[in-house]
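Chemist: Quick one: dock chain against chain with the hints and give me the complex.
Chains as they are written, first to last, in the working numbering: chain F, -7 to 173; chain H, 9 to 69.
Worth flagging that the hints you see were computed from the coordinates, not collected in a lab.
Keep in mind that this is a model prediction, so the values were computed, not measured.
For glycine and all other residues, C-beta sits at the position ideal for the given N, C-alpha and C.
Errors might be hidden in some of the hints.
Pulled from the structure, derived: some chain H residues nowhere near chain F, Cβ distances all over 10 Å [what the hints assert, rightly or not]:
(1) Leu51
(2) Gly56
(3) Val61
(4) Asn66
(5) Leu69
Selected chain F positions facing chain H (in silico; Cβ < 7 Å) [as the list claims (entries may be wrong)]:
(6) Asn(-6)
(7) Leu54
(8) Phe68
(9) Ser72
(10) His108
(11) Ser110
(12) Pro114
Only some residues are given here: those of chain H computed to face chain F with a beta carbon under 7 Å [what the hints assert, rightly or not]:
(13) Ser13
(14) Tyr14
(15) Leu17
(16) Val24
(17) Val28
(18) Cys32
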Amino acid sequence: MNPGTELKVVLVAAALAVIVVNLSLKKGERRRGVAFAAAWLAPGAGHVVLGKWAKGLFFFVLLGLTYLAGLYIVGFRTVSFDDNPFYYVGQYGSGLTFLLARVMSEHKAFPRPELHPSWFDPGLLYVCVAGLLNVVIMMNVLDLRVRPVAAAAPAPPAAAPAAEPQATAKAAPASGAEKAP
Amino acid sequence: MKGISYLFLYIPICLVILLVLEACRSDDAGKVVRRSLSNFGVLTAVLGVGGIVVYVINRFL
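Isolated chain H (complex conformation) (with noise of 0.2 Å):
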């Protein structure tokens, strides 16, 4: 676990990343945070699928 622990700074930079895109698109601090949330759930989604798919192609096939 303490070898991939790393992958937990994903989280920080990407928020940091989408949170200063929004801003610069905004003016408004609650749709800035909420879209930011919500591109950050997307693409938390897409890593995770993308890294089951890659498991299962390793593991199995």
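Chain F extracted, bound-state conformation (with noise of 0.2 Å):
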């Protein structure tokens, strides 16, 4: 694929996610918008501007060191989207993995000299995985918006009201059976 043509199809269906994400937001939400843009940019960076400072530095350093171990076992040269484009395509879900595909990607990636043959192919596998899980943490991002409004809710008020069909639940059966009979 030409490398120009690549990369605006890439940042076109990444500013067309970003956007419809955004829409279907509400009012208040704006900063979920921002936080899955910035989630796509580097993983974890998305729960980095919500807040949850640990999860996302956790996720960075995993997804991190799975695509640096990757990348040390095929020597460092990742795979051109003509050598193999699965393998290629899945580094599209974080952008800093896209970005370092673009700068490192050789025509024909090669097996590191000192490792067997056979790890060359799983090396490519934890590449691409690194990317195809910032996905999932992208999606994590949206996720988290239903938690604070769940959390927020005040436990009293919720178990007061509930007590009440409760107690006519009971005697609904009650008085069925007296009208049973």
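Modeler: Shown next, in the form of structure tokens:
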């Protein structure tokens, strides 16, 4: 694929995804849209934007180590699109891996000399999975919006109305039982 | 043995995937690690049993 065309396609797709997500969010949740965009740029950045520093750092370190391990196995030469499109496209999941793939990809990747050749494909898989897992983390950024709402709900008022339906529910079978015979 | 050494690369990548998935579900670090390890055990057991079955079929049937 032509590098210029590839860059345009990826950037347009990322921009479209961010726009669609931002349009689907409510007015008070614009920060989620920013977090979603940041989550694509770097693993864990979305969680950092939302104030979850520890989890964001955890994701960044975990995916960073996976990516570096994969790069080490394949000799810091990631695969090109023409060589293996599936492994290459997997790196689109994160802006950081996408950028590194563009910088470091070579026309024909080859295994590291000191490692067994059979490690080459798993190495590419590591690189690819690091990008793909970032998509899961991006989705989690959107999922986080539900949890603060549920956690912010005060427990005592929620418990008080719940007691009434239970009382009526208990009373209903009793009255039904009286009517049945 | 060297020819199948790449199979050991399954362990870290599988743990990474399970850790990310569990970390997305829960904020409790202990729970994330515990559930990831238990799921890893189940997956490895399934893989091992599947490998044994395939070996037996190829060897004796």
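Chemist: With a cut-off of 7 Å, does the beta carbon of Leu54/F approach a beta carbon of chain H closely enough for the hint to hold?
Modeler: holds, 6 Å
Chemist: Does Leu17/H meet its interface restraint, that is, does its C-beta lie within less than 7 Å of any C-beta in chain F?
Modeler: holds, 4 Å
Chemist: Let's test the interface hint: is any C-beta of chain H closer than 7 Å to that of Phe68/F?
Modeler: Where the cut-off is 7 Å and the nearest Cβ of chain H is about 17 Å from Phe68/F, the hint is violated.
Chemist: Cys32/H was flagged as interface toward chain F. Is the shortest Cβ-Cβ separation under 7 Å?
Modeler: Nearest chain F Cβ about 4 Å off; hint holds.
Chemist: With 7 Å as the cut and Cβ atoms as the points, is Pro114/F at the interface with chain H?
Modeler: holds, 4 Å
Chemist: Would you check whether the claim that Asn66/H is not at the interface survives, using Cβ distances to chain F and the 10 Å cut-off?
Modeler: holds, 20 Å
Chemist: Mind verifying the non-interface call on Leu69/H? Its CB should be farther than 10 Å from each CB in chain F.
Modeler: Label holds. Min Cβ-Cβ 28 Å, cutoff 10 Å.
Chemist: Hint validation: Asn(-6)/F versus chain H, beta carbon distance must be below 7 Å. Holds or violated?
Modeler: violated, 32 Å
Chemist: Can the hint on Tyr14/H be confirmed by a CB-to-CB distance to chain F that is less than 7 Å?
Modeler: With a closest approach of 4 Å, the Tyr14/H hint holds.
Chemist: Verify the interface restraint on Val28/H: the C-beta must sit less than 7 Å from at least one C-beta of chain F.
Modeler: OK, holds: Val28/H within 7 Å of chain F, min 5 Å.
Chemist: Beyond 10 Å from chain F, beta-carbon-wise, is Val61/H?
Modeler: Its Cβ never comes within 10 Å of chain F, the nearest being 23 Å, so this holds.
Chemist: Classify the hint on Ser110/F as holds or violated, based on whether any CB of chain H lies nearer than 7 Å to its CB.
Modeler: holds, 4 Å
Comparing the model with each earlier hint shows violations of hints 6, 8 and 9; every other hint is respected.
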